[in-house]
Structure formats: structure tokens, C-alpha cells
Amino acid sequence: MASETLAIAPTGLSTRSLAERLHEWAVTVDHKRLGILYIGYALVFLVIGGVEATIMRVQLAVPNNHFVSPQVFNRMFTMHGTTMIFFVAMPILFGFSNYTVPLMIGARDMAFPRLNAWGFWMSALGGIILYFSFIGGFGLYGAGSAPDVGWFAYAPLTSPAFSVGHSTDYWIVGLLVSGFGSIATALNVMTTILCMRCPGMKLGRMPLFVWMNTVMAGLVLVAIGPLTAAQLMLLIDRYLGGHFFDTQAGGSAVIWMHFFWIFGHPEVYILVLPAFAIVSEVIPVFSRKPIFGYSIMVAATVSIGFISLGVWAHHMFTVGMTSYANAFFVASTAAIAVPTGIKIFNWVGTMWGGKIIYKTPMLFCVAFLCQFLIAGLTGIMLATAPFDWQLGNSYFVVAHFHYVILGGIVMAVFAGSYYWYPKVLGKMMNETLGKWHFWLFVIGFHLTFDFMHVPGLLGMPRRVYTYEASRGWEIWNLIVSIGVIFQIIGILLWVADVIWSYYKGEIAGNDPWDAWTLEWHTTSPPPEYNYAEIPVIRSRRPLWDLKHPEDPDWKYE
Amino acid sequence: MSDETQAANSGSDRPAVLMPAPTAWPFAMALGTALTFAGLLTDVSVSVLGAILTISGAVGWFRQVLPHEQHESIPVEPEEPARVLPPREVTRISVAQEIQRAWLPLKIYPIAAGVKGGLAGGVAMAVLAGLYGLIFYHSVWYPINLLAGSLYSQSATPTVKEMLHFHLGWFLFALGMHITMCLLVGLLFGAMLPLLPRRPVLLGGVIGPLLWTGLLYHVIGYVNPLLDERINWWWFAASQAAFGIVAGLVVVRQNKVWTAENLPLALRAGIEAPGLMEEHEGEGEDNKR
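Respectively, the protein sequence lines represent chains D and Z.
Take the first sequence: its letter number 274 is residue 258 in our numbering, and every next letter is one higher.
Whatever position you read off the second sequence (first residue = 1), add 28 for our numbering.
Chain Z with its partners taken away, still in its complex shape (with noise of 0.2 angstroms):
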């Protein structure tokens, strides 16, 4: 027991413990605030019922815990042991290692990987988009503001000359854009990759590009019609292309890890509950200091 509740109950031999002691000032004055804001909406009289109320409750309050709180000696009475119910047994949740897996790949890259391949596919498609603005256009901005294509509505295109300069919001937006859609796209390799895992560069270089210049080929009118306007699709499959190998061999020479999805979803939450962690040895951690 605590030092404070080992207060002796005056004339008894039983253990008591101080409790603060009733009051009725905390009340005196919440009637007091409250008269006097209803003053302003009956009569300056209320309200000056009520200051006096508030002030006395104040003072009152103040008494009651200066210069030293008030407290009322509450008698302890005995109480109940806690109840110890019969042992009984803990089902045990069977892991990974202990299941006839039917599934494959069995080890997958981490998330890690898909961002490093992401981002590095990235670097090398900005760098054949930049040169096909300098063969074509003699600027390395002109694919960046194609790139940016979306923000424009049909009445503010600009023109061809106003796309070979620099816009730092369009360049922003455009920025914005291919770092976000490399990234997922990487992290769609990383995840497809233990698919193929010996032809990466099939995967990287041919079969992702093709899908992906597929899919953009009928749906790039909707998201980007400026770039659909001005596309050049043999440039664009090539820096596809481009993305794709790099991001794949990236992506290969990451370390893959063993794959958790056939854990049971208790343990990939992190439950922690008896038979899915691991036990402590000994005592608690408590009991360790």
C-alpha cells in the first residue's frame, strides 16, 4: 500500500485512505458563472448575484486546497483475493516453416528494391526524353512541358515555341508527375519481377514497356490531351524501353527476402497474444530492473 493510504482511521485499528474531502464551493461557484452570464440575458441583478456567487465559490475553492488540500479519512474495507481460474490449454497458431506450402516464388524483392528501380529507370527515361527534345526540338524543355500536358486546359494550350522554355511550375508538376509514376510502376516491377525471375530483361525491356505503351496509347486522350496531340510513339516506346531494362536489373540485384504471405495474418498484424510471440525467458520485464 501506497504511503499515502496508510493513514491510521482515528480510533480504529483498520487502515484508511485519504480521499479529498466533499465540497459544495466547486458548485457555488459553476452557479455563480453561470448567474452571471444569465444576467445578460434577464437582469443586471442576476448577474451580480452571480459574481458574488463566483467570487465566494473562488475563495471557498481556494481554502479548500490552501494552504494545505483537504482530505476525508475513508475506512478500507477487506478485500477479495483475485480469483485464479484452472489452468487450461493455449491453442497454438501453426507458422510458415510448419505448412506444406503450395504457393510460389517463395522468396520476393523487398519494397526497397521496387523504389531504387523506380527511380533509377527514371533518371534513364528522362535521359532519351531530353535527347529527343534536342534532336527535334533543340530544347530539353519541350518533353518536360509535354509532360506537364494536363494541367492545360483546351482553351490555354501553348505553343510550340512556348513549350521550349522554362517553367518552373510547369517543371514542378512535370517533376512531380514522373517521380510518382516511376516510383509506382518500380514498385510494380519489384512485385512482378519473382515472376520471371530468370528473364528480367525480357520483362523489363519488352513485355512491361509494351503493356504500359499499350494501356497509355487509349487512355493518354483522357489524362494528358496535349501529349496525345504531339506524341512521337517510337520515341516514346523507346524511353519505355529504357526504363524498363534499367529498373529491371536494378531491381535483380537487390537481395530478395522469404515471402510472409503464407503466415497467418494474426502474426503479419502483429498481434501479440500468447502461442504467436515469442516468449521471454524467466520473469518479466518488470522484474528485470
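Here chain D stands alone, though its shape is the one from the complex (with noise of 0.2 angstroms):
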């Protein structure tokens, strides 16, 4: 598929020394720019957050381990899991929708180039507020570095009394300033797939990628304010004496838990439906066939972005809500997995008689369908009320969401990765590597989030520091902390790609996987402009009539 050989827009790197370069991207407003940005910033916080996921691994490979203090390991779990939720999964996905987006309809750019670049910087300078609170965090109490309060920060911890110095403002203000550099992406997003799409797309020839994200981004308009809301509250107790979260001056605690779920558990859908985008564009191309049921697609995409607002308290199963809260949660929650079934099977139905050809975009997007399944029925397990009053906080509870994150999410970005570097970069990523890649990161994901459901269903709670060897979850937690290893491996072998093949790589081409949306039409990578001439399509397809007029797919739309 990549053996055509076209010449590669020249990018002029060598006539200009460092520092404009840098001072080129730090002044960017161009989408592709800022969308490479984004990927480059969120794989830095991915080492980050990996270094601390295997950190706290290796705390709890044996028990009665001591490799670090119950302190540190308060602040790895937090910093992990807001590092890869909110500086990780949610701007590598932005990357791809600021990048993608606007190509795969036609337009040149987003609809408002400034604000993109802003919403970049916002998401940045969160992080990098958050990271310094390893140093600034001890404040003048002597009370600790980085946040340590769980990636949720339920009240009351989060209260001066039990939080001193500064580790949790950190993680407030990180969250706040990244949060608003959240909403104008989403803004962005949404104006641009809107306004901006190219003669002839209407809303039913969107590819479904730009359907899923327009998707994602209401989701975010509506779900971030919430979380805004509760941490300027939490920032109102913390610092003028404010009593939102403080129980015992007539606040409420679990007011918090509503207000982060409310947040939370469309999070969950903003970050899973790109990677459901990315899938949706890959699984036709490399089954050589059009995708199973568009229409059906795209309903069951708005069904879910509005379930999935009415399903957040089913993490708070455990708080003691009232019978009709839990009946109303567990139905919701169970209703969600419908649309999301449906998607499963569109899928399959688009593999199902197609010629497939298993490269490693392909082979990320199988290891998804599958592994994504299972974390649905865990999901569906863990919605039913008495199923999670008994495994609610524990480890099963851990590996039902990492296999969302990793099984679902990681996997449809790599898949993504491999798809669209070659438009990207003008190069074709290693093959070899990527397979290589693809099988010992599974290897390891399998090892270790599918033996974490048992210390989970024996008991282990979440968080847990450390634990006595005769509980019978020694052998489980080695073998999920020897899976971490394969893991990094896959990883490394995934980067020296990235660098190997952007050295090395043989050249891409305009489209080098015979695809049919509008950004394979364009140079790779492409001009700042992305088309000399705005496209004019017909069908979904357009790519597909451009090289088949004998054939093309408008006859039949």
C-alpha cells in the first residue's frame, strides 16, 4: 500500500536556525501545529505518568514492601491517574481531533486560530502548575510536595484540616487553568465542524471521526463546567473560609462526589469517543469496505453523549444513596451499553466479509474490539448496585477502568498514531517495530490488568500502601507488576519508530493506505493551507469517487 513515491512538501528545517524554530511553534495559530503540539506535550506527561504507574508498581510487586513511603505512594497514585486523565488521554486526543479534524472537512483551519493556540497554552501551563507543586506544594507547613489527595479528591480530605500547605491547591489550580483551555478547544471543535465544512459535506457526509468528535466536544462544553464550579467552591473553602464540603458547618461531602462524577463519567465518553473516531476511519480502510451502518453510527454517537450525562452516580454506588437513585443509575447505566453495542457490532460488520489487511493500524483496532468489550461487560458488572456494594473500591474496580483507558483508549490511539504519521511526517512508520510493538504491549497489558481483577475479587482494596503476604494476592500483584515491564518495552520500541522512521522512514506519499476522506487527498504533510482548492465532494466517500469515477459512491447515497 505505501509503495507510491511522491515528493514531500519541502519544510525549508535546515535554512532556519533553533531558536526560530521554536520561536515558529510558540507563535503558531496553524491547526495542524498546534495539534502536533498537543500529542508531542501529552507523550511528555505519558513518561511522567508512566515512571509513577510503575513506581507504584513496583511498591506493590511483593508485600510488605518498602521501596518507597506511604507518603510517596499517596502522591503517585494521584499524580498518575490526573496526570494520564487530564494531561495525557484527553490533549493527545485533542491533538488528533486539532489536527484531523479540520482536513477530513475541507477547511483550512479552525474556526478561531488564536483561540486554538490559547486553549493549547491554557492546557500546558495547567500541567506544568501541577508539576510544580513537587517543588513549591511543601508551602510553609512542612506538610508534603505534590497532591496526595486521589486523582477525585473527595472531601473532607481535601479540607484544610486534613491538607495543609499547598499540594492540593496545586492540583486545583492545575485542573482549573488546564480546564479552561478544555472548554476553547471544545468551543473551537464544535464552531468548525459546524461552519467550516467544504461545499457538498453535509452533516450526513461527515467522516464519522468528525461525527464522534463534535460529539466529544458538546460533551466537554457541558461536562467541564461542573468540575470548574466545584474546584472555584473547593478553592472558596480552602481560602476565604467557605464551608461548600465542610460537613460539620452544614456543607456536604457528597456534594462533591456529584459535582466530580457529573464531570466524571462524561470524561469518560470524551476521551473514549475519538478513540472511537480513530477506529471508525481505520477499520473501514484496512477491511476495504465502507463502514457498517453510518447512520446507525451516528445515532448511536448522540445516544450516547446524552446518556452518558445521566449515568455519573453509579460511582457512588457505595455512599448509600436511595433505592431510587441506585435503580434509576443501574438502569441508565445499563441502557448506555446499547448504543455502545451497537457500535461493537457496526464494526465487526464492517471486518465481517471485507478483505482485511492486518498492518499495524489494524491490528491496535482488533486488540480494541476485543479488549474494549470485555471492559464493557466489567462496566455493566460494576453498574449493578449490590454487584458493587461488594467490589466497589477495589482492585477489580482499577482494572475495569484501565481496561477502558488502556484497552480501549491507548490502543485506538496507537492505532491512530500508526495511521496518520504517514500524513503527518511524509514518512511510513517500521512495520517490523510495530508489530513488534502491538505484541508486547498487549502481552503485557493481558498480564497485568487481566490478573488485576482477582486480588480485586479476593478483596484488595484500591490504594492500598502495602499488605501482608497471607491474603493470598502475592502472586497476582507480581504478575501485574511483571506485565508493566512488557508494557515499557512496547512502548520504547513504539518511540524509537516515531524517531527511526521520521529519519529513516520510507517516504508516504498523499495516501498511502488507498483511503477515501479528504485529508489523504492533500500533500503529507500537508501545506499550511491544506488545499490549494477548497474540495467540492459528493459523498462520504470522496476520495473513493475521485479514483473510481466509474464507480462512484454518490450514485447510491
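Just so you know, the hints here were simulated from the structure itself, not pulled from any lab data.
Note that the coordinates shown come from a computational prediction; the quantities given were computed from them, not determined experimentally.
One thing to keep in mind: the hints can contain errors.
Claimed, not checked - Here are the simulated SDA-like pairs of lysine to any residue, each with C-alpha atoms no more than 25 angstroms apart in a straight line: (1) D:531 / Z:110; (2) D:186 / Z:148; (3) D:539 / Z:110; (4) D:339 / Z:111; (5) D:531 / Z:159; (6) D:186 / D:309; (7) D:531 / Z:112.
Build the complex: two chains, separate frames, hints provided.
The structure is reproduced here in C-alpha cells:
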């Protein structure tokens, strides 16, 4: 597929000094560069969050271990969770969205290019503020450095009485600042999609990638607000003597939970919809078939968007809500499995009878399908209130959501990286390294997260610093920690592939995968203006129409 | 090429595209905003610096876009023409009429038939149940309150006297349950009747009520203990029979439709792809405008 050899656009990298190049990146308002900046900054935080996870797994590999202190362990799980959700998963998916959406809809840039730059820098600076806590969080009290209240920072642990110093404040302000950036980006994505589509691209002809990012942007606009509001209230509690979450003064700790999870569960779909979007582009191209049931996929996406706003309290079954609330959130959570299941069937339906090409992007999509299915099934188990009463806050929950995040979202991100790398950098990634990366990472993933369910079922609570040898958890924790080694090697191979291919990779040409969406029509990498002429399209697969004038899609749509 | 892209590159004949000019002001404003917040955690001077940067960034940003947005002119590189691949044969999927079918029924009742049958049967059943209440308890509310029996806990079982009166909550619950069950059973009738096309009364009036009554006889104790205690099985079977006969008669009066069972899954799912969808004549929709 990559046999075509077309000259790539000259980048002119060699004629400018490093300072000039850095300046260009700092002042850019080009959606493609900002997309790359998002992805690059997310990768830096991925390494940091990965190191934190590794520290935790070393600590838990054997019983009665003291590799780090309990205080450091608390900081590690807080920073790992916060980093991976807010400073890895969100920005990397925003990066894909930023880079790809305008190209896919035939636009020259985002609707608000300067706001786009502002959004990126706000997100990035939020991460820097959070990590400055390792230096600045010590405060006046000698009471710690980085935040240690967990990534959902339940009250009253965040109150001044239990969290002295500034560590929790860094958590609040870091997320607050990055939240403004997220809202700006979502506004931009939504406006761009609604207002800047090329002639002929009706809503019903938009690529599924674009549809899913539209819903993602809508969810960000709805969900970040409650989190921002809650953080401002917490700041008022901590700085101005407010009592929003102070139960001893008439406040409510449960209100914090509601605020957090009204953000927190749509957040899962904010992350997973762009992952669905990637998979919905890769699977048809590598199955050599159009997507199965386009309209149903769109309807399922929109349904997921709506239903996901009404499921948040399934994170709170163990709090002790009323039976009516429990019943409602059990039912709504079960309901969201329907559109999600439809998607799984449609992806499988797309592959069914297709001429499947098992290149690295497709391998990751197949792994995604299997793993996300399992993640969904354990999700349904945990959404059943009596089951959750038994296993809430256990390692079963940790295994479940890592199955969603790593088994689903990260797999899709890897698929997307191999798929669009040729477009972004004009070179093909190395297939051999890619397959090594795939197999090592998948093996490591399953070693870690399949076996992590077991100590959860045996009663091991999440966030424990260490455990006694007599509980039957030892062997499972050791296997879980060994899996991390495979994952680390897999990711190192991916990084090596990215760097090696940039210098030595085969020239990609405009359309190395014989794909059908508009971004493959322009050069690789695309020029600053994306398209010399704004394309006019007549079907969902405009490149198919161009390549097959004897049998275009528009005759049948 | 659109008008905005026709700007000539100064000093050159090459066409150029106007793109938003790079600017540091968004970065300055973001840095300023972040420092303003960071001052809460460090020192007020950091917030002051942040505020100054934020305001400077905002002013600089506004001047970038007001009164006119600042652009830079990017010369256009020649584009590669789109590849045209050699024509190829597209496999057409066979549809129902071309396949020798080996299963029955050829025609089925639409879903609406089951809905109508279920609702009509539900009315007949309610009339008989009401009659039972009037004859034995002199109250039409007794069977309704009995139906709502799954609402009551063991410790709060109402007395017979209480059940002779109207209770809004119990009534709404019983009504919702009755309609739901009638619709579901009506749909079942709609699906099953084509299997016994010439004997709807046999299915509706005898087989259906027998099956349903037999099933309920065993499970009613779990779902509605109160009903289980006080049920009159003869009247129950009679009301089931009334439901079945009316529902069956309503269903068989509806028009049948061809089954889509043997159509390819892709066609039934509405997949839009060459070979499956009807081909437009001549040019596409856009060209008709």
C-alpha cells in the first residue's frame, strides 16, 4: 500500500536556526502544528505518568514492601491518575482532533485559530502548575509536596484540616487552568465542524471521525463546567473560609462527589468517543469496505452523548444513596451499553466479508475491539448496585477502568498514530517495529490488567500502600507488576519507531493506505493552507469518487 | 478556488492563500492567566505579573483581529492530481427475490398489528376482571388493587376492605403494568399467529391463555405474593381467554407484509454501499440543483 513515492512538501527545516524554529512553534496558530504540540506535550506527560505507575507497581509487586514511603505512594497514585486523564488522554485526543478535523472537512484552519493557540497553552500551563507542586507544594507547614488526595479528591480529605500546605491547591489550580483550555478547544472544534465544512459536506456526509469529535466537543462544553465550579468552591473553602464541602459546618461531602462525577463520567466518553472515531476510520480502510451502518453509528454516538450525562452516580453506589437513585443509575448505565454494543457490532460488521489487511493500525483496532468489549462487560457488572457494593473501591474497579483507558483508548491512539503518522510527517512507520510494539504491549497489558481483576475479587482495596503476605494476593500482584515490564518495552519500541521512521522511514506519498477521506487528498505533510482549492464533495467517501469515476459512491447515497 | 484564496503573492505570479498570521499574544495571555492563578499558591507579585501579562495579551490579541484580521500570504505549491485507479468489478449482493427460500412464513404481521391486538385484548381482559370485582366484592377497584400487589411489602399487605377503594398510586402502577404486559403479549401474538394462520381463535383463545396461565401459576408467588394468595384461577383463565380471542381477532384483521428474514443483513441494516442501494439515474443530487 505504501508503494507510491511522491515528493513531500519542502519543510525548510535546514535553513532556520533552532531559536527561529522554536519561535515559530511558540507563535503558531496553525491547527496542524497545535495538534502536534498537543500530542507532543501529552507524550511527555505519558512518560511521567508511566514512571509514577511503575513506582506504584514496584511497591506492590511483593508484600510488606517499602520501596517508597506511604506518603510518596499517595502522591504517586494521585499524580498518576490526574496526569493520565487530564494531561495525557485529553490532550493527545485533542491533538488528533485538532490536526485531523479541519483536513477531513476540507477547511483551511480551525474557526478560531488564535483561541486554538490559547487553549493549547492554557492546557499545557495547567500541567506545569500541577507538577510545580513537587517544588512549591511544601508551603509553610512542611506538610508534603505533590497532591496526595487521589485523582477525584474527595472531601473532607481536601479540607484545610486534612490537607495542610498547598499541595491540594496545586491540584485545584492546575486543573482549573487546563479546564479553561479544554473548553476553548471544544468550542473551536464544535464551531469548526458546524461552520467550516467544504461545499457538499452535509452533516450526513461527514466522516464518522468528525461526528464523534462533534459529540465529544459537546460533552466537554457540558461536563467541564461542573468541575470548574466545584474547584472554585473548593478554593473558596480553602482560602476564604467557605463551607461548601465542610460537613461539620453544614456543607456536604457528597455534593463534591456529585460535582466531580457529573464531570467524571462524561469524561470517560469525552475520551472514548475520539478513540471510537479513530477506530471508525481505520477499520473500514483496512477492511476495504465502507463503514457498516453509517446512520446507526451516528445515532449511537449521539445517544451515547446524551445518556452519558445521566449515569454519573454509578460511581457512588457505595455512598448510600436511596434505592430510587440506585435503580435509576443502574438502569441508565445499562442503557448506555445498547448504543455502545451497536458500535461494536457495526465495526465487526464492517470487517465481516472484507479483505482485511493486518497492518499495525488494524492490529491495534482488533485488540481494541476485544478489550473494549471486556471492559464494557465488567462495566455492566459494576453498574449493578449489589455487585458494586461488594467490589466498589477494590482492584476489580481499577482493572475495569484501566481496561477502558488502556485496552480501549490507548489502543485506539496507537492505531491512530500508525495510521496518520505518514500524513503528519510524510514517512511510513516501520511495520516490523510496529508489530513488536503491538505484541509486547498487548501481552503486557493482559498480564497486568487481566490478573488485576483477581486480587480485586479477593478483596484487595485500591490505594493500599502495601499488604500482608497471608492474603492470597501475592502471586497476582507479582504477575501484574511483571506485565508492566512488557508494556514499557512496547512503548519504548513505539518511541523508537517514531524517531527512526522520521529520519529513515519510507516516503509515504499523499495516500499510502488507499483511503477515502479528504485528508489523504493533500500532500504529506499538508501545506499550511491544507488545500490550494477548497474541495467539493458529493459522498461520504470523496476520494473513492475521485479514484473510481466509473463507480462513484454518490450514485448510491 | 474561492475568492479569499486568490490573493496574488506580491512580486510573483504564483497564487497565494491568506492564512491567519502567527502571533505570540495568545501565548502571552495564557501565560498571564496561569500566573494569575499561580500567584494564589506562591506570592501576590506573581498574580500581579500575571494580570499585567493577561491584559497585555488581550490587548495585543484584539489588535490582531480588530479592525481587520491580520493575515500572512502563503504561496501555493502545485498539487498532485488525484489518482484514478483502474475500473474494477463490484460484486453485487443477491436480494430476496433471487434466492430459493426454504422457510416459512412468507408474510408476517407488522409490529403495529401486535400493538393494536394487545391493546384491544387488554380492554377485554379489564372488562372481565372488573366484572369479577363487581360480582364477588361489589367493587371494580378490587382486581386493580390486586394487580398492584407486587408494590406491597409482606409486612404492609392491605386488608380486603382497603382494597375495595380507589388509591391513585396503586391504580397508576396497575395501569402501567397492565398496558405493558398487554403490549408485550400482543407483540408475541403478532409474531406467532402467522405460524397458525388458519386458527387464530385456537391460538388466541386456548393455546395462548393455557401457556400464559400455566407459566403464571408457577411464578406469580415470586412477583406478586398478594395476587397469589387471593387469585381466583378460573376467572383469571377466563380473562386470559378473553384477551387471547380479542387480540387474535384484531391481529388477523391487519394486512400482512413480506418478511425481510431472508434479505442480506447488510440490506436490512440499511447499509449504503454500491451494489446494495438503488442507483440514481444520471448525475447525483448535487448536480440537480
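Outcome of the hint check:
1. Between residue 531 of chain D and residue 110 of chain Z the alpha-carbon distance is near 7 angstroms, which keeps this suggested pair within the 25 angstroms criterion.
2. Annotation: proposed proximity of residue 186 of chain D to residue 148 of chain Z is violated, straight-line Cα distance about 44 angstroms (limit 25 angstroms).
3. Straight-line distance between C-alpha atoms of residue 539 of chain D and residue 110 of chain Z comes to about 20 angstroms, which keeps the hinted pair within the 25 angstroms bound.
4. Taken as a hint, the residue 339 of chain D and residue 111 of chain Z pair is honoured in the structure, with Cα atoms around 21 angstroms apart against an allowance of 25 angstroms.
5. For a cut-off of 25 angstroms, the pair hint linking residue 531 of chain D to residue 159 of chain Z is broken: about 73 angstroms separates their Cα positions.
6. Among the hinted pairs, residue 186 of chain D with residue 309 of chain D is inconsistent with the structure: their alpha-carbon atoms are about 41 angstroms apart, more than 25 angstroms.
7. A hinted pair counts as satisfied when its Cα atoms are at most 25 angstroms apart, and residue 531 of chain D with residue 112 of chain Z qualifies at roughly 4 angstroms.
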